[in-house]
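Enquirer: Protein chains in written order, with the numbering used here: chain U, 1 to 325; chain E, 326 to 633.
Please keep in mind that the hints were generated in silico from the structure rather than gathered at the bench. Possibly wrong hints are sitting among the right ones.
Coverage of chain E stretches by chain U, computed from C-beta distances (three or more under 8 Å per stretch; other residues unrestricted) [to be verified]:
| id | stretch |
| --- | --- |
| 1 | 371–380 |
| 2 | 384–395 |
| 3 | 546–558 |
| 4 | 577–585 |
With a Cα cut of at most 27 Å, we get these calculated BS3-like pairs of lysine-lysine [unchecked claim]:
| id | chain 1 | residue 1 | chain 2 | residue 2 |
| --- | --- | --- | --- | --- |
| 5 | U | Lys122 | E | Lys349 |
| 6 | U | Lys222 | E | Lys342 |
| 7 | U | Lys26 | E | Lys527 |
| 8 | E | Lys446 | U | Lys26 |
Positions of the beta carbon are idealized from the N, C-alpha and C atoms, including for glycine.
So you can see what is in the structure, the chains are spelled out below.
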Amino acid sequence: MSKEKAVKKKKLRAVSDNIDVKNQFKGWLYLSPALILLIIFSFYPLLNTFRMAFLNGYNGLAIVGGEKFTIGIENFKTVINYVDFKLCLKNTLLLCVITVPISTTLALLIAVALNSIKPLQKFLQTVFFLPYVTNSIAIGMVFNAMFTRVGLGDLIQTQGIINNIIGIFGIEPINFVNVGSSWGANMFVVCTYIIWNAIPFKILVLLGGLQNVNKQYYEAAKIDGTSKIRTFFRITIPLVSPMLAYVIITSFIGGFKEYSSIVGIFGDGMGPGGNGQMNTLVGYVYNMLPKSNSGNASAASLILFGIILIVTAINGYVSKKKVHY
Amino acid sequence: MAEFNNAVKEVNVESVKASQRTSKIIRYTITYLFLGIMAIIVIFPFYWMIISSFKTMDEYRANVPTLWPQNFVFENFVTAFSKANLMDLFAHTMFVGVVSTVLSLIVTVFSAFAFARLQFKGRNLMFGLLMATMMVPGELYTITNYLTVSGRLPFVSEPVEAFDITNTFAVLIFPMLVSVFYIYLLRQTFMQIPNELYLAAKVDGTSDFKYLWKVMLPLSVSTIITITILKMMGAWNAYIWPRLVANDAAHQLITNGLRGASFTDEFGETNYPAQMAAVTIVSIPLFLVFVFLRKYIMRGVSRSGIKG
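Next up, chain U with everything else stripped away, as it sits in the complex (with noise of 0.2 Å):
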């Protein structure tokens, strides 16, 4: 018996040592697929950005009779001082500052409220995670269309949905996403989008966070008579703090990247009536695309990763100090 499995081990191992061998060629042929695509559209593409980045008014292509682009800052510097850029810079900066805090602590709050009942939970965990499943770009025309007045001058049929709604609480009609529309109400339209988008997914993982936290900490500060809001700031919040340091991580990473919300609810003009003042990194990175300014275009997403980094990397280092593991 003991015999026959000594022999069956030394089988087995006899087996996987072939396999070793063999395996060295066929790892790399079962990898090559993913391989050969990604050397072609990952992995050159971000050697190229940094190449391209650093090529002096690189236009995608070499200079006719083997003349060589100069190696320099210069992209970087023209985009910099490009106007358009400072506009999108501001844009993408407002659009984190203002949507991330809000959809973060509205989230928290729906979540919390979500895990403290039980009747209609389930259907309301649906309802929640709607927005989720969308095209963004099909939802950003509803936007539109709720905030849009038809009609001109004294013409003017209807005020929109939303104007009819903030008109019961006696606010005037306000211009939001019409032609000379200002720039601030087209702020107001695109952070409502966006935190209205945002939202799902961050009650999705707190959620998860928070029906994993161990009711006995919550006995143990009723029995001590602690108040609700002194347990959600010192139980709570630091029990889902690993989960609020991801959702928060993400969203700005995502905020960053903001792009097609604005093309849902502006069209490809990024602003009212196409001036593009509603206009984001991204933005101005596919702008340049295809007007052949591919140093440029390489320069500003180079500065967007740069800002991403950093800011990962402050989130990072915050959440260390911060976070309650």
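Dock chain E against the given chain U, drawing on the hints supplied.
Expert: Okay, now just chain E, sitting in the frame of chain U:
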């Protein structure tokens, strides 16, 4: 004296209990009220989209908005189909979605198998390299990829016609085929299948490919479904890349067609009900996926935070 104390205690206990009950009721009322209001805000855009798609233009323009269509008109959907060319867009999107999902699954399964089961030098290094690319924003790739597919190669002074594959279906499928996230997801699933099973199959002389096909794939069906849904949704929602490289009528995908479609009539007025009908049509498949396959989507998104 003792009796009196007891009585006081009882009164206290009673009143404390009563006040606890009232505060509990108040708390629940506030909680449900808050959740109810938030739920209405979340639902409202969908509601407005759907009811607007059934209104006549006159009713939509009414000074006092109606929260329910006075009479339902289905004409808007007909207009939407013709104005936005929805049938063609559907066909293009389904073709690109199905082909890229199938190819992507093949590539993903092979790589995940290599990373999860095969032993070879440089495996961990490669895996680390792939994971690192997840950090890089896609915009960095897009710039060069745009040049590559339009035939503008480095060290060449003229665009190369032969390499220009813009306005083809291939350009919508291949650059986005490999997703490192899907490889990671499937590798994690494969890793949970015990290694003994693999060695046993080897002893029996089963080939790697047969083992992958007969044992590993059937055990990983749920992850395969998750990847399929995410990839299909990706094609459905793709906007930026298709707009750059294949925005002609013969290859346009649904999201681009929807955003680019003109719902303006001869008087320069936007036909909002028809536009909302088109948006509703585009949203319905997503709703259906959501209703029937929610658990697979949630499994994917809670690990990634990416959309599509």
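Enquirer: Hints broken by the structure, by number, lowest first?
Expert: 3
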